[in-house]
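Asker: Letter by letter, the chains look like this.
There are 2 protein chains.
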Amino acid sequence: MVTEIFFKEFHTPNNGIFLRIKDSLIKTRSKFQEIWVVETEGFGKMLLLDGKVMLTEEDEHIYHEMITHPGLSLLPEGMRVLVIGGGDGGTVREVLKHNPASVTLVEIDELVIEVSKKFFPSLAGSFNDPRVKIIIGDGVKFVKEAKDSGFDAIVIDSTDPEGPALALFSMEFYRAAKKILTQNSFIVTQSESPFYNKQFIVELLKNLKSEFRYVKNYIASVPTYPAIWSFTYASDSLELDVPPKRKISPTKYYHPNMGLDTTKEIVDEVFGCS
Amino acid sequence: MVTEIFFKEFHTPNNGIFLRIKDSLIKTRSKFQEIWVVETEGFGKMLLLDGKVMLTEEDEHIYHEMITHPGLSLLPEGMRVLVIGGGDGGTVREVLKHNPASVTLVEIDELVIEVSKKFFPSLAGSFNDPRVKIIIGDGVKFVKEAKDSGFDAIVIDSTDPEGPALALFSMEFYRAAKKILTQNSFIVTQSESPFYNKQFIVELLKNLKSEFRYVKNYIASVPTYPAIWSFTYASDSLELDVPPKRKISPTKYYHPNMGLDTTKEIVDEVFGCS
Numbered sequence: 001m002v003t004e005i006f007f008k009e010f011h012t013p014n015n016g017i018f019l020r021i022k023d024s025l026i027k028t029r030s031k032f033q034e035i036w037v038v039e040t041e042g043f044g045k046m047l048l049l050d051g052k053v054m055l056t057e058e059d060e061h062i063y064h065e066m067i068t069h070p071g072l073s074l075l076p077e078g079m080r081v082l083v084i085g086g087g088d089g090g091t092v093r094e095v096l097k098h099n100p101a102s103v104t105l106v107e108i109d110e111l112v113i114e115v116s117k118k119f120f121p122s123l124a125g126s127f128n129d130p131r132v133k134i135i136i137g138d139g140v141k142f143v144k145e146a147k148d149s150g151f152d153a154i155v156i157d158s159t160d161p162e163g164p165a166l167a168l169f170s171m172e173f174y175r176a177a178k179k180i181l182t183q184n185s186f187i188v189t190q191s192e193s194p195f196y197n198k199q200f201i202v203e204l205l206k207n208l209k210s211e212f213r214y215v216k217n218y219i220a221s222v223p224t225y226p227a228i229w230s231f232t233y234a235s236d237s238l239e240l241d242v243p244p245k246r247k248i249s250p251t252k253y254y255h256p257n258m259g260l261d262t263t264k265e266i267v268d269e270v271f272g273c274s
Numbered sequence: 001m002v003t004e005i006f007f008k009e010f011h012t013p014n015n016g017i018f019l020r021i022k023d024s025l026i027k028t029r030s031k032f033q034e035i036w037v038v039e040t041e042g043f044g045k046m047l048l049l050d051g052k053v054m055l056t057e058e059d060e061h062i063y064h065e066m067i068t069h070p071g072l073s074l075l076p077e078g079m080r081v082l083v084i085g086g087g088d089g090g091t092v093r094e095v096l097k098h099n100p101a102s103v104t105l106v107e108i109d110e111l112v113i114e115v116s117k118k119f120f121p122s123l124a125g126s127f128n129d130p131r132v133k134i135i136i137g138d139g140v141k142f143v144k145e146a147k148d149s150g151f152d153a154i155v156i157d158s159t160d161p162e163g164p165a166l167a168l169f170s171m172e173f174y175r176a177a178k179k180i181l182t183q184n185s186f187i188v189t190q191s192e193s194p195f196y197n198k199q200f201i202v203e204l205l206k207n208l209k210s211e212f213r214y215v216k217n218y219i220a221s222v223p224t225y226p227a228i229w230s231f232t233y234a235s236d237s238l239e240l241d242v243p244p245k246r247k248i249s250p251t252k253y254y255h256p257n258m259g260l261d262t263t264k265e266i267v268d269e270v271f272g273c274s
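From first to last, the protein sequence lines are chains Z and H.
Note that the first sequence covers residues 1 to 274 in this note's numbering.
Note that the second sequence covers residues 1 to 274 in this note's numbering.
No lab work stands behind these hints: they were computed from the structure.
Think of the CB as a built atom: it goes at the ideal place given N, C-alpha and C, for glycine as much as any other residue.
Any given hint could be a false lead.
[Stated by the list, open to error] Chain Z side only, calculated, beta carbon under 8 Å to chain H, not exhaustive: (1) T12; (2) D23; (3) E41; (4) G42; (5) F127; (6) I219; (7) I228; (8) V242; (9) I248; (10) H255.
[Stated by the list, open to error] Have a look at the derived ranges for each label pair, beta carbon to beta carbon: (11) P164(H) <-> Y214(Z): 37 to 43 Å; (12) Q199(H) <-> K141(Z): 47 to 53 Å; (13) Y214(H) <-> K198(Z): 32 to 38 Å; (14) R213(H) <-> L96(Z): 36 to 42 Å; (15) Y214(Z) <-> E77(H): 30 to 36 Å; (16) I135(H) <-> K27(Z): 56 to 62 Å; (17) K247(Z) <-> E172(H): 21 to 27 Å; (18) Q199(H) <-> K118(Z): 49 to 55 Å; (19) E172(Z) <-> P164(H): 34 to 40 Å.
Go ahead and model the full structure; you've got the sequences and the hints to work with.
Answerer: Here it is, written out as structure tokens:
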């Protein structure tokens, strides 16, 4: 007989997804949030923060490849990368495919890292690499206090723009981030769903456009995320384009020739191009 | 108080989506299938065939733009287009943006057309265009009996590859289709989800590759469809590439510079390229 326990996530008050659950592996609470790892049927283990899907083993590669490779493939190897958030280790794992000189991870919630090390070794195993430095703390504070020009790339792998993560989407943060970047550098952030969070993306693009010369929102399909998902890239010196300078392997979803434009309605609205 | 009726579609036996339902507008049965139109909260009216989501007013543009524009933008205007299936009218609506000389729709289920005319005028309104000819019948039979070189493009807007739609994915059908195409022409078909139906796509690509010179599977995110969705294009003379020859407007999702490669794992498996 098949287990009839379903996890349900509402993406809006009117719709969402459901996944069959085999087992609950750990349910705990940190200073910041509820952390829950469940075993699903079909999607492997799943990490939930405050009841929201952060990742499943089956489709996490899509998010992690797409937040890192389009930008990092524009930089020469030996880059120094700052990752804000990303306590599960998936983003660091992908960054390491670029042969960076160093990866600094600033995660606010130490318990996310501990839980990931135990239940998601295929992601958090990346933390064992000697080039990886982990700092437990507030990403906004870290960026404001870091010394100038220390990083070639900043990857903002945050939760939704609410609560502590909200400050990671502010003009103030982007200005501080720019100060600690080298001349040939970029920032990239997860930027919610253009289907459900259009107004948020419109604002984000306007803000970034006022600070950076090249700004681009690009999309990917993450099956357990709400509708179409997006990432936003910004740089003063490196235009995001295809084909990229270097090939990265192995990847499962990311393809060097994949286009990186978002849905046309967002592009139109913000940049007035057609 | 908010309606607590939810439509639930299982994308696999273990997961799926749910949508809040406001009302049932028509539920009927044709010779071929159950046809149900419901009013959702948030996604507008939704067409269900045998309980599966065919379209919602909110996201149908993604599917219909993506099945038509990448291929048709490679042809000069005045093309003659054959649409197999597509009884809701959405594909024909998008084809008309290319100023075709003619659009022939072959739909097996007359009741789908009737229901769409009544409940989905923003799609089925396209059937009023004088260049559109509607034939009620079996698409496979039509293609086998049609005269040679009558069409510049065939768009296969079918249901899942089971039951009557299965024959639309056969080698026999593709060979017959090739015979009724002009020299500068292509076929394009909806081709399921590379996330859930990988083996199906691998087979499809192998089959098409044995008949056509240029074959490409490309993806889009349709929020109410299972995971990532895909389309497969095949031609002997026209390589699918970006940027396309002509601009099409207005579109909401399709962008002339969007990349058209599928997820890398499929490309690798079938073509052995990296």
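Asker: Against the earlier hints, flag every one the structure doesn't satisfy and list their numbers going up.
Answerer: Hints 2, 5, 9, 11, 17, 18 and 19 contradicted; others consistent.
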